[in-house]
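Chemist: Since chain Y is already given, all that's left is putting chain C on it; use the hints.
Given next are the chains, with one letter for each unit.
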Amino acid sequence: MGVSVDEAVSTGPVRDHTPPARRFGGRGRSVLEIALLTVLAVVMLFPVLWMIETSIKENRDVYAIPAKFFDFTVTLDHFKDVFVASGGRSALSVSFLNSVVVAGVSTVLATVLGVPAAWAYSRFAVKAKKDQLFFILSTRFMPPVVVVIPIFLMYRQFGLIDTKLGLILIYTAFNVPFTIWMMKGFVDEVPAEYEDAAMLDGYTRLQAFWRFTLPLLLPGIAATAVFALIFSWNEFVFAIFLTSSDDVRTAPPAIAGLIGGTTVDWGLVAAASVVFALPVLVFAYLVRKHLVAGVTLGAVRR
Amino acid sequence: MGTVAVHGLSKSFDKVQALDGVTLDVPDGSFFVVLGPSGAGKTTTLRAIAGLEKLDAGSVHLDGRDATGDAPAARDLAMVFQNYALYPRHTAYENIASPLRARRCSSSEIAAAVEQMSSLLHIEHLLQRRPAQLSGGEMQRVALARALVRRPRAFLMDEPLTNLDLKLRVEMRTELTRIHRSLGATFVYVTNDQVEALSMADQVAVLKEGKVQQVGTPTEVYERPANQWVAGFVGSPSISLLACHAEGDRLVGAEGWTLPRPRWTTAEDGRPLLLGLRAEDLSVEQRGNASLSGELYGLEPLGDRTVVDVRVGTEILKVKARPTVTGTPGERLLVTVDLDRAHLFDAGTGLALSEAGR
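Chains Y and C supply the protein sequences, listed in that same order.
As numbered in the UniProt record's numbering, residues 1 to 302 make up the first sequence, in order.
As numbered in the UniProt record's numbering, residues 1 to 358 make up the second sequence, in order.
One chain only, chain Y, in its complex shape:
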């Protein structure tokens, strides 16, 4: 959610709508505003900056006291260590690949299952529709950590412990309700008459949905999929309880596993974290137009 809100609520429009002459005499106000925002940004982003900085410091600079902010030697060794270990690929790189597979497949599954369901809930008279939707949402009421033990026991029976399939299934199960709820809002926004008209043109109901409604839903689907992807990508609790071996584990428990033991290679932890954070940022940036359009769809249409 954070990404889209930041995108949607920029400070620009606020300045535009305030007559500058009336407060603090013209540009002075915007300078003050920029200064305050800069301070705020530095405070908020400091951990991120520190992470990036640590990831490119040599080990002796990482541990230097007092801490070195600017005059350190830049190195990319930590990033190399993230991907390559002695004698081939590192365990971390495998975990990143696992994350890509698990997050990607579960997002695709949640979208493929959730979008038609949302369409059905929006378009058809379903018995006890509100109760059903509430029930679907209620599966999200409990934090994952509450249900992880029963799921662990269930998974043990089905042999799903320590498998990527197990993680994909649980992430899909968590993302489908979200997808249904979010997509139902988008489907509600598309007039049902397009499908009615298409059916009278001679298309079946599914053809009408596929040819005329679905293209209009794409921004919404993109926004929903990004949120689902971020959830699956960042998920930690299920991942650490349900997986243990290096070739199944996703990135969050793998990175957490680097901390602990007698010595911690903070450079490696920071580099792994940077690599972990990048894909989501890049993906959100690429679809930002759709994200904003998606989040504000109800406000600007009609």
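The set of hints was computed from the structure by calculation and includes no laboratory data.
This one's a predicted model, so the numbers in the text were calculated from it and none came from an experiment.
It is possible that some hints are incorrect.
[Said to hold, decoys possible] The calculated lysine-lysine pairs, modelled on PhoX-like cross-linking and capped at a C-alpha distance of 25 Å, are:
#1 K127(Y) <-> K15(C)
#2 K129(Y) <-> K15(C)
#3 K208(C) <-> K15(C)
#4 K54(C) <-> K130(Y)
#5 K80(Y) <-> K68(Y)
#6 K54(C) <-> K208(C)
#7 K54(C) <-> K15(C)
#8 K129(Y) <-> K54(C)
#9 K15(C) <-> K167(C)
#10 K127(Y) <-> K54(C)
#11 K130(Y) <-> K15(C)
#12 K211(C) <-> K54(C)
[To be verified] Residues from chain Y shown here face chain C by an in silico Cβ test under 10 Å; the list is partial:
#13 A128
#14 P191
#15 A192
#16 E193
#17 E195
#18 M199
#19 L200
#20 D201
#21 Y203
#22 T204
#23 A208
#24 W210
#25 P215
#26 L216
#27 P219
Note that beta-carbon positions come from the ideal geometry of N, C-alpha and C, so glycine has one too.
Modeler: Relative to chain Y, chain C alone:
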């Protein structure tokens, strides 16, 4: 061929009964108008014919064959929606071509048909635009072209002119009538505008709260309203209704007036009645065969005529007069009544009294 017959249509949404036993018979090639106020169930009736609405009860027959369970695509109908429902991502050309694409026509056939339709509706220059780049009137024409581009069993039109401005609406009224005549196809046309109904229809069905009130030609509906509600809904200004009862050879009003009793009515003495008088059958210029006295309540100049509101006791009569009429409120007036054209309704049931003797 293109007959549409619906029988006993019933449909409720949650607790609202939208249709309550609607039965209509649309003959082949007729311009059939379903008229009613908003919420009367007109659109639901049309959607039921189109197969877009699942019915609680009733049947739909197309060309004499039961089509109640058929999918919309199988019914071979075309529909114009109130909000036009043009596909927003398609050009006008693709919108018009859509019914033909669904039927897998060749692109040369499609091009020919779209060209023919666009010249008929004068939209050749708009074909490459998307709906967002069209004005309301242009969208309406494109929607019409999409319906007319093939020859379906019947055309269904859901208040297609409602969203147009008055001038365009009058223009399109003439145009639709012309198109209907030239195609000879069956039109089922839904509207809440009685002027559209009276000016375009071969047959009018008046709907209220999901029930058919009356079916007939525009003249029948206007001249012989089946009940008090139809009389009030059709006609502008609306009919004036005065409470009264028969007493021998006289009608005695609740407000104390008396009029000669119309010869054709058979109502027994003392039964509560409503006397319906249309504005054009009343006059402030001594023309009718009977008269009521009242006082001037207000004037509504409408350009070509003036509607004079006359107060008789506590009731208001609307009288059509020449545009030059003048007067001051409170002034005494004699309103003459053309009793041969008056209507009588039972005050309890609202039903029109038999006019068989007329």
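Chemist: Determine which of the earlier numbered hints do not hold for this structure and return their numbers in increasing order.
Modeler: Hints 9, 13, 24, 27 are the ones this structure does not satisfy, whereas the remaining hints hold.
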